[in-house]
Amino acid sequence: MKLPMFNPMRAAFAFLAVALISLPVLADEAAPTIDQRVAALEAYVNNSDPGKSLTGVPGPGHNAWMMTSSALVLFMTLPGLALFYGGLVRRKNVLSVLAQCLGIAGLVTIIWWAFGYSFVFGKSFSTGFLGRFLGGTEFALLRGVTSAPNTDYAYWVSHNVFAMYQLMFAIITPALIVGAVAERMKFSAILVFMTLWMLVVYFPLAHMVWGATGLMNGVWNAGAAIKAIDFAGGTVVHMSSGWSALILCLVIGPRLGFGREKMAPHSMVLCMVGTGMLWVGWYGFNAGSAVAADGIAANAFTTTTIATAVASFTWGMIERIFRGHASILGFCSGAVAGLVVITPATGFVTTTGAVIIGVLAATASYFFVTIVKARFGYDDALDTFGVHAVGGTLGAFLTGLLATGEVNGNLTSGAALKNGLARLVTEGGLWHEQLKAIGITLLLSVVATFIIASIVKVVIGLRPAPEVERQGLDLMEHGEEGYIE
Amino acid sequence: MKFIIAIIKPFKLEEVKEALSQLGIQGMTVTEVKGFGRQKGHTEIYRGSEYTVDFLPKVKIEVVVADDLVGRVVEGIVKAAKTGKIGDGKVFVLPIEDAVRIRTDERGEAAL
Chain A
7 MKLPMFNPMR AAFAFLAVAL ISLPVLADEA APTIDQRVAA LEAYVNNSDP
57 GKSLTGVPGP GHNAWMMTSS ALVLFMTLPG LALFYGGLVR RKNVLSVLAQ
107 CLGIAGLVTI IWWAFGYSFV FGKSFSTGFL GRFLGGTEFA LLRGVTSAPN
157 TDYAYWVSHN VFAMYQLMFA IITPALIVGA VAERMKFSAI LVFMTLWMLV
207 VYFPLAHMVW GATGLMNGVW NAGAAIKAID FAGGTVVHMS SGWSALILCL
257 VIGPRLGFGR EKMAPHSMVL CMVGTGMLWV GWYGFNAGSA VAADGIAANA
307 FTTTTIATAV ASFTWGMIER IFRGHASILG FCSGAVAGLV VITPATGFVT
357 TTGAVIIGVL AATASYFFVT IVKARFGYDD ALDTFGVHAV GGTLGAFLTG
407 LLATGEVNGN LTSGAALKNG LARLVTEGGL WHEQLKAIGI TLLLSVVATF
457 IIASIVKVVI GLRPAPEVER QGLDLMEHGE EGYIE
Chain B
290 MKFIIAIIKP FKLEEVKEAL SQLGIQGMTV TEVKGFGRQK GHTEIYRGSE
340 YTVDFLPKVK IEVVVADDLV GRVVEGIVKA AKTGKIGDGK VFVLPIEDAV
390 RIRTDERGEA AL
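Residue numbers (this note's numbering), protein chains in the order written: chain A, 7 to 491; chain B, 290 to 401.
Keep in mind that the hints were calculated from the coordinates and are not lab data. These figures come from a predicted structure and were not determined experimentally. Hints should not be assumed to be uniformly reliable.
[To be verified] Some residues of chain A that are not near chain B, with every Cβ distance over 10 Å (derived): (1) A70; (2) A195; (3) L441.
[As the list claims (entries may be wrong)] No farther apart than 30 Å at their CA atoms in a straight line, the calculated lysine-lysine pairs in the DSSO-like style are these: (4) B/K291 with B/K379; (5) A/K98 with B/K323; (6) B/K349 with A/K98.
Ideal placement from N, C-alpha and C gives every residue a C-beta, glycine not left out.
Just chain B, with the same shape it has in the complex:
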């Protein structure tokens, strides 16, 4: 099992979700987040005052997948979220110890 975290552009969420569903992923957690990478922020001007907005809105997707799916899931996310422009985001893959489905007490990959 691997824990996959993807930070993507908000308007790409639908496409990424679609791609993951086609791979048989049955659930995910999505959060609206803010942050910056190389893209940095942008400038807003209100009358005489100029403000640099450092943190840009992004969407964070968290999903846990079985080992045999990891490669295809990462590939699917990257393909769906790519625009080729700066600020497309990142995907992180982490090891994970265990998973429990609360309703049935199932453990490990069976819980996914």
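With the rest of the complex left out, here is chain A:
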């Protein structure tokens, strides 16, 4: 029998292994205790501060949900909104809508990477007056935006995932605007307008409402001057896009032949497919806005479902009663109206609140797109104003009446206690703060859009040549046809 011989290689490995195992203990004398490690795991479950252990690492569950939510919100634009809008235009312009949604997705992503994310969620301006309106420059080119969480916004979600999630909101907001000016705006003018609009309207507004140092961030900014709340973007996304859409469609003027020619949707099937995608994607938008897979997300998921279903059904029934037919476009419009109005309220209201919101969402938007639009004769082609501005404004206001600390503890603790939001929620009066936020959003959107649209109109022009518009934007602007015989 052979005896095991002394093997120098094996001895070296053994030494190295022992050294490596003992190294962390030797290097870090203040290793977390077992209590601290358990506390960190509890913090993961509770979506709170991990303390001494598990810092700098994302929590798998929360991160998984936020990556899923990010994909869902992108799905709302590509292809949800693109098909919803695409089906509603005439067949000669279907591709132009898809091109605008795709173009905006790429353009906004580049701006977001370059400085957009930093302007909204940075903090380097926080010491000065500017900090209320814009974030900072430290995250420009997404520098330092790594997989480790940014604890200003989420203890357990990777910073880069958070940045991508917020990017999807920045993509869909300008894409909503194109509905109002569909079939008659030059592609180049859209790209220039949207670039300026993101800079002047979206970034400041998103920072004011969601930024850690934001002027109107009642839930998270202890020093917020306006103690308003907006869970998933009633003001930032829907009011801003909707009111801007109205102004842009007034500046650009109606489509050629508006009111005389048939401008009926070319495919209600595409429109319905897009609506379904919007509804599904909106779970990422609303429930994802908890920035965690927690109880608040669960509440948002539930209220989103109920408000949307109620609004869709309500719109259909209003049509059935007053017009004789419950139309597909009616059900689709009601669903989108419900989604819009529940957006600012979704993580703050009960299911009863969601039912109230659903009924009012359908009623208000129906009134605007059928009666008000016909009375005033503006060509809001796909009803971005009637659904998103009206719904976003209504939602922001109703959130002030229906929000309750019962479903969201953040309304009555932390920063909300310091800035007085908690008192407004429990004793009433929040609607007053909501009106201030509505006023600022409306004013910024309307004034800035009018100025930007006027500048673009003078410098490069907003509309294509009349023969291009008559022939259709698909062939003339993009060199393709939607349907080849």
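Please build the complex by placing chain B on the supplied structure of chain A, with the hints as guidance.
Just chain B now, kept in the frame of chain A:
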């Protein structure tokens, strides 16, 4: 020989084709067309916008038949395409000069 043009409701095409086959008609040309007569169009409402659709979809059948068949063919089409409601369509009978079967150079009724 006569050239018969029939404009009918699209869902009646199968019945008309069946009726003509039974009379020994061996071929026809069918086109999807749009138009209006006394039926006029209908109204569609999309949210606040109301549109009148003037042109309704119809099917146009073109068939050339021998003189002795004309009466029965017209009668067959009318019987098969009739619903009794407005919008059933029309049948036109036209004189025709000649016909040629391209494959064989046959002319006149022999070409049908």
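- prompt: Which of the numbered hints above does this structure break?
  reply: none
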